[in-house]
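Listed here are the chains, written in short residue letters.
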Amino acid sequence: MKSLHNRFQFAGREFIRLTLRRRGKKDSVCTIPARIANRYTVIRQMAHGGSGVILEIFDDRMAHHLVAKTVLDYQLERYTSSSKTADALTRIQRLRHHLQTERRILVQLNRRGTNSIPVPCNYVYDCNPRFDEWLETQEKISPKLDETDLLRSEPFLIMQKIDGISLSKLINTYYRQGMSLRETLDILIQITSVLEVLEQPFTIENKIWELVYQDLKPGNIVIGDSGRARLIDFGGCQLLLDGIRILSGSHTPGYCPPEQQTREPLDRRADVYGIGSTMYHMLTGISPRKLLSLPHSRTVHKHRSSRKRRAVQVWNWKLIEGKYPSSVKKLLKCCLSPEREDRFPNAYTLTRELTHLKTHHA
Amino acid sequence: MNFVQGQRIYDAIGTEYRLLSPKRKTPWNTLWSAEKLFWNYRFQEQEFYLSNESERLPVLIRCPSGKPENSTSTFQSMSPNSFIEFEASQVLGEASCRWFSQPLDLFQPHHHPAISCCQTLPHYGKLTTHGRAEEMVLCFSNPQGRSIASDLLSHAFHKPPLDRRLRWNIILECLELLSWLESKELMLSSLHPDELIVDSHGHLYFIGTDHIFPCQQSSRWRKFVTSERFIPTLCAPEMLDPNGWLDHRTDLYSWAVLSAWILSQPTDYRLSNHADFDLTAVFQKTDNPIEFSTQCQKILQQSLARTPDGPMHAKTSFPQLRTREWTSEELVHRWGGHLNQCLQPNPSHRPRSATALMHTDSLPNQKFRLKTFVKKLFSRQHVRHGYENHA
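Protein sequence lines, in the order shown, are assigned to chains U and V. Start counting the first sequence at 0; every next residue gets the next number (numbering that gives the first Met the number 0). Start counting the second sequence at 0; every next residue gets the next number (numbering that gives the first Met the number 0).
Please keep in mind that the hints were generated in silico from the structure rather than gathered at the bench. Source: prediction; values computed, not measured. Glycine residues also receive a C-beta, built at the ideal position from the N, C-alpha and C atoms. One thing to keep in mind: the hints can contain errors.
Pairwise CB distance ranges (calculated) [as the list claims (entries may be wrong)]:
(1) U/Gln176 to V/Ser217: 43 to 53 Å
(2) U/Arg244 to V/Arg41: 13 to 23 Å
(3) V/Lys183 to U/Leu88: 48 to 58 Å
Sequences and hints are given; from them, build the entire structure.
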């Protein structure tokens, strides 16, 4: 949590300057209006990722706390010379496109009967003075920059604030020895049912959208006070439009499948693997990230490349054996198979398997 | 202001909604099924365009019906916006409640005689205003699911094992909702099956937040809201008495009626015809015209026929209820005493509160252990938002 003390005035309005710390990289500075779209007062910075920032805001009209997600870290300092203006514009457009796509995905999931996601409340635009500073440094403005007002208008995705505790925090703080099978299945069945909806292709503007969540991990699951689980952060989804990959999305080392390293488009079975790695974490209390650095996991794998390893090569099954029924290990092995052909074909099948396990063993 | 189907309404900064169809109509307000319109941006062409129908967010919009002619309700004729404003600020806006919808907007809509008004993005285009309504409208998210009175759920009620899970979930969550309202010093006043939505996980949502009011102002509230607002068979007798005293026990009566209805859900009954539903008649008549499922009817009648002297104590029955999934018949058998107690015409004979009824559960079983555990974490020092540390 970060308090927002660094405030300044610009064009008669109050703005906040945020410093985004990035591991192993230079800090990035960005600005946000203290009151977004003349309606949402910024309370605090909650988190930031590669390029997005999540803010807690207060809706003055509804007297309600919400969450705003926006793209602020454009790293414009890279594009100071006029020759790089086009590159800068491409990056700005790409990041804003991600945000818009996230809102469109949330709406689609909501329309298809999913309540276990944040409600997309609004999508608003407001001024970003950082572009003014940057534009002044450009000697020659591209013709496409005529609409500078548009460029200065920063989009903000306003979402429901989910009260709850992150599953990763729950495990790391209170379930270091792992959760019970019943609790694990209760949560995962709720999540796989969201994936069931997500993996169904849908048509928008005569184009077929195919989505893979691909960044499934306990950190993206929030548990409410009633035990209701919700999946958050759909900005990391892989999107195929008519079979062509438009967004490659994001992933987390340890939780992602081996094929993530090949840069080929992923399919539904990547999410099956994500469920498996999350389930392993929940049952054992050990993050798959830790297994990445184990000496015995240096088994040669066909997907292994010279790049940094992202997928776990060898899972420690001793932590599962004896503690849980053998069918649990069988299910996990099927989910975590390095060959995607050996995994469950989709979330629908996996939900049925998890439900069956819950009925008979939990 | 009279809204029509297909009309688009928008606020001063261009947030826009389209009304689809009235979901529930009363003389006081209308609940519309609607959709929130979004504008997409084409990055290559650098232009905004209105999202098509498959990309609009399903929402609900509550519109007050204005000043009704010959209204006996003083409050309604005084200020049609007061109820809406209270619901927005004190009920939906007060705190996140898992049973309520997400509040989205509260505004006096600008309107246009034509069904489609804005052809360009309001932020950048010309916003033509053809007047502003006096009444405010309240927009909130539409929980995806089915009302428990729907045909689909009626069918599910007879499909074991879904049957027992569903019934148990709804009854328990309703009681938890009452308990939550008690903690906020609010009253529900009536619990209608049409306003209870169940999603695919069996989670419950309540959309009838318009008749929630503060407990401490119940006598004042009674001056403004007449009994004609409520369905006699679904609310406590004191609700229908203009001088009746209202407190949390009033809600317990409604809960018991609803629970009894859920447990005795007949095969061919449709709640759409509310006038036919006479609970007293159901329990008292031996030649009941409505067919109950299997043995449920007999047990229900037997249980509810008990005298209030010997109700089954909650302390002994609740922990047992939670240890396994009970059939409807067993639930009725176990809960008959509580329901009977809650259905007493005299409020003083009912349990003290929903919270008191809930707190008798001292032995949570495995199924609810996580739930109880997470609840404990929700003390001030432990409340954390799920987004933290993970963008």
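Status of the hints after comparison with the structure:
no., hint, result
1, U/Gln176 to V/Ser217: 43 to 53 Å, "holds, 50 Å"
2, U/Arg244 to V/Arg41: 13 to 23 Å, "holds, 19 Å"
3, V/Lys183 to U/Leu88: 48 to 58 Å, "holds, 50 Å"
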